[in-house]
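Q: What follows is each chain in one-letter form.
Protein chains: 2
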Amino acid sequence: MTAMTRPAPTKFKRLADYQELAPEGALDEIFEKADRLKGASMVHVNATTFGGGVAEILDSFVLLMTDAGVRTDWRVLHGTPDFFEVTKKFHNTLQGDRELSFSEEEFELFRFTNEKFARFADLSHDFVIIHDPQPVGLVEYALHTRPWVWRCHIDITDPNPQAWEFMEPFVLQYERMIVSSEAYQRADLAVPQQIISPSIDPISAKNVELSQDQVERILSQYEIPTDKPYIAQVSRFDPWKDPEGVLKVYERVKTQADCRLIFVYNMSADDPEGARIYERMKATAKPYLESGDVLFVRGDDPLLVNVIQRTSKVVLQKSTREGFGLVITEAMWKGRPVVASNVGGIPTQIVDGESGYLVDPYDLDGVAEIVVRLLEDETLADEIGANARERVRERFLITRHMLDYLDLMLSL
Amino acid sequence: MTAMTRPAPTKFKRLADYQELAPEGALDEIFEKADRLKGASMVHVNATTFGGGVAEILDSFVLLMTDAGVRTDWRVLHGTPDFFEVTKKFHNTLQGDRELSFSEEEFELFRFTNEKFARFADLSHDFVIIHDPQPVGLVEYALHTRPWVWRCHIDITDPNPQAWEFMEPFVLQYERMIVSSEAYQRADLAVPQQIISPSIDPISAKNVELSQDQVERILSQYEIPTDKPYIAQVSRFDPWKDPEGVLKVYERVKTQADCRLIFVYNMSADDPEGARIYERMKATAKPYLESGDVLFVRGDDPLLVNVIQRTSKVVLQKSTREGFGLVITEAMWKGRPVVASNVGGIPTQIVDGESGYLVDPYDLDGVAEIVVRLLEDETLADEIGANARERVRERFLITRHMLDYLDLMLSL
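Order-wise, the sequence lines are chains P and U. Residue numbers for the first sequence follow this note's numbering, so the first one is 18 and each next one is one higher. Residue numbers for the second sequence follow this note's numbering, so the first one is 18 and each next one is one higher.
If you're looking for bench data, these hints aren't it; they were derived computationally from the structure. Some hints could be false.
Note that the list lumps identical chains together, so a pair holds whenever it fits in one copy or between two copies.
With a Cα cut of at most 30 Å, we get these calculated DSSO-like pairs of lysine-lysine [unchecked claim]: (1) 28 x 105; (2) 50 x 28; (3) 30 x 106; (4) 105 x 30; (5) 265 x 299.
Construct the complete structure from the given sequences, taking the supplied hints into account.
A: Take a look at the structure:
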């Protein structure tokens with residue numbers, strides 16, 4: 018996204034902007050708790066300034082916390098490409114990959130990069146929140162006199178033993194470990210653990226309310242046809258997101274209800290596997306792509322993602338494995354019925370049959386059946402969607418996320 | 018450079034490591050001045066963690082300053098791709114490009130990004146040093162009670178008027194502006210200005226002394242032939258580096274002295290112009306590339322750059338425009354005779370006929386003549402090279418750079 022296709026953001030978000038969106042009383046509670054922490058400071062450390070779910074939420078979170086009255090800084094670990102190769106391996110191995118292994122040199126580079134950053138980052142805040150494995154080692158090298166919290170966004174319940182043997186001594190130095198849902202807690206780990214769900218920002222470009230005019234303008238700008246209903250999945254071409262399975266579900270749906278499938282994808286330059294899946298799918302879906310019934314649409318513009326989620330009759334997330342699945346939260350917030358796999362953090366979000374549908378990702382016929390039902394029964398689809406929106410309002414907005422952190426700070 | 022082709026760095030540099038390399042007394046002077054600043058803190062802000070000359074020097078500088086006793090932090094501005102598109106335009110327009118222009122939206126994005134970073138970066142240090150245009154706006158948005166210094170690494174003596182009109186109000190808020198050489202001072206600008214030359218780190222991978230064994234191993238690893246003498250230019254395929262002119266000089270040299278030309282280049286993914294020049298040069302140089310007399314070698318591995326600079330009979334830098342030209346400093350430090358254009362910061366480095374040669378980049382015959390003389394007279398080449406090394410030792414090592422900053426802090 019190099020061209021300026023949309024107005025640059027020029028206004029800072031204020032907590033007051035969430036008054037009408039958050040549950041009643043939420044803002045007062047935030048201000049009251051922030052007031053009890055007056056004078057305290059917090060710093061968040063992660064590995065990217067831009068791109069990826071963690072950076073996305075921090076981008077709103079840190080400014081809103083400061084607006085609430087708690088000075089909140091944000092630092093991003095400095096790493097070389099070599100270092101990020103190593104941490105990509107940690108990402109995969111901590112989530113279970115047994116085939117990868119590490120050299121002593123790679124461990125050394127991990128330690129060195131963390132130690133170096135600790136020397137010039139200044140993490141002398143009252144509360145230090147470290148996100149994910151890349152900067153986890155800072156706890157060993159920085160001055161550590163106040164509580165440090167490790168906020169783990171991935172699933173480390175069944176890690177590769179070599180990776181875990183290296184990581185555990187760092188993790189054990191934290192005062193608290195935060196995970197996204199119960200499924201990710203580890204009873205065997207001698208660190209106090211706590212659940213904080215991630216959240217979405219309801220006024221970000223990806224989630225903000227849009228007028229009918231804006232929606233139509235964006236659909237036409239990206240040449241999205243609207244003469245038939247469509248279903249959508251928003252995800253990378255990752256095997257765990259099972260895009261090829263989505264296509265199979267669509268084929269089944271299509272025999273019973275005429276509709277399109279829009280695949281909104283992101284592709285990063287360093288993802289050869291994604292590129293392979295993409296090519297394979299282009300071949301498999303060829304007749305549909307040619308007839309215009311299946312569309313592959315790049316999701317670089319958050320406003321486009323917003324519009325497609327908002328205008329889809331049904332939103333799919335047929336992952337075989339999932340972290341929390343914020344993309345589901347986004348669609349639910351837009352009042353759409355989501356049909357998603359009963360894995361990872363998804364059941365935390367969706368109450369089956371009430372605020373969406375939980376499905377077995379391997380039961381293609383079963384998934385297709387629910388999609389068809391929702392396509393055919395618009396009243397049901399809208400009702401499920403309305404429940405979904407309320408569920409997100411109560412549990413998964415950034416204001417709730419702020420409250421969780423304020424409670425955490427007050428408890429440390 | 019994704020593979021780990023060299024050992025990961027595992028040792029932190031200490032000032033003591035420079036004892037034998039820096040001029041006599043330099044280390045004592047550093048410790049003495051740092052001691053007078055005991056308790057003070059400094060922070061540097063630039064736009065990249067990795068890659069590019071500024072990040073390269075900061076990577077050593079901040080840790081050595083802290084080692085000397087002055088706590089030195091390092092922050093990197095958070096920006097989106099859109100923002101960096103805008104700052105690339107500032108880079109070009111501030112250096113004179115009249116064809117580009119800015120929209121109000123682009124100005125707004127620049128302001129917004131700076132203001133946002135100011136809110137979570139914590140720049141409450143005793144001395145704040147802002148590098149280059151990208152973060153120049155922080156001075157407007159951060160708390161500014163102590164001296165702020167703008168360290169400008171580019172040539173802003175003849176800027177595009179629209180770009181300058183936008184930038185000037187930011188620049189005027191600084192207590193001091195630092196430029197790399199006299200040529201870059203601006204008498205018309207109401208900010209106290211001062212010259213601090215950039216520097217090289219003599220123990221970085223790119224500059225560290227190597228044993229004959231190491232040199233031979235690296236040459237053979239990269240299949241650099243050594244049966245003939247070679248000349249080299251290390252640079253991007255940038256029109257201002259005039260790589261096509263280098264080829265023409267080589268053709269002239271080749272008729273008088275048999276040698277090879279090694280072009281050590283870097284190519285970034287977002288440089289279509291570089292890719293075009295590269296393709297053109299491959300066509301022009303085809304017979305030489307086929308005979309193996311001209312080599313295009315990627316300079317991703319700093320050890321390879323080190324070795325090629327070290328083993329070239331003559332190093333060329335035939336730029337038609339140049340900032341300071343640290344690549345020249347690097348070659349001089351390795352005791353090689355450099356033949357370089359009399360532009361930008363180059364005459365600050367080379368005393369013509371003593372520690373290298375200053376040439377007119379458009380006088381191809383003249384450049385070729387000096388190269389041939391140096392190829393034929395090895396005694397002269399070595400003598401010029403030895404003078405070059407001494408000149409760098411006295412003026413362009415990181416230890417001198419530290420002293421300049423300590424003096425600056427003591428003067429503010």
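Q: The structure should be examined with respect to each hint, and the outcome stated for every one.
A: Here is what the structure says about each hint:
no.	hint	in the structure
1	28 x 105	between (35 Å within a copy, 23 Å between copies)
2	50 x 28	within (26 Å within a copy, 44 Å between copies)
3	30 x 106	between (36 Å within a copy, 28 Å between copies)
4	105 x 30	between (33 Å within a copy, 27 Å between copies)
5	265 x 299	within (13 Å within a copy, 47 Å between copies)
No hint from the list above goes unmet by this structure.
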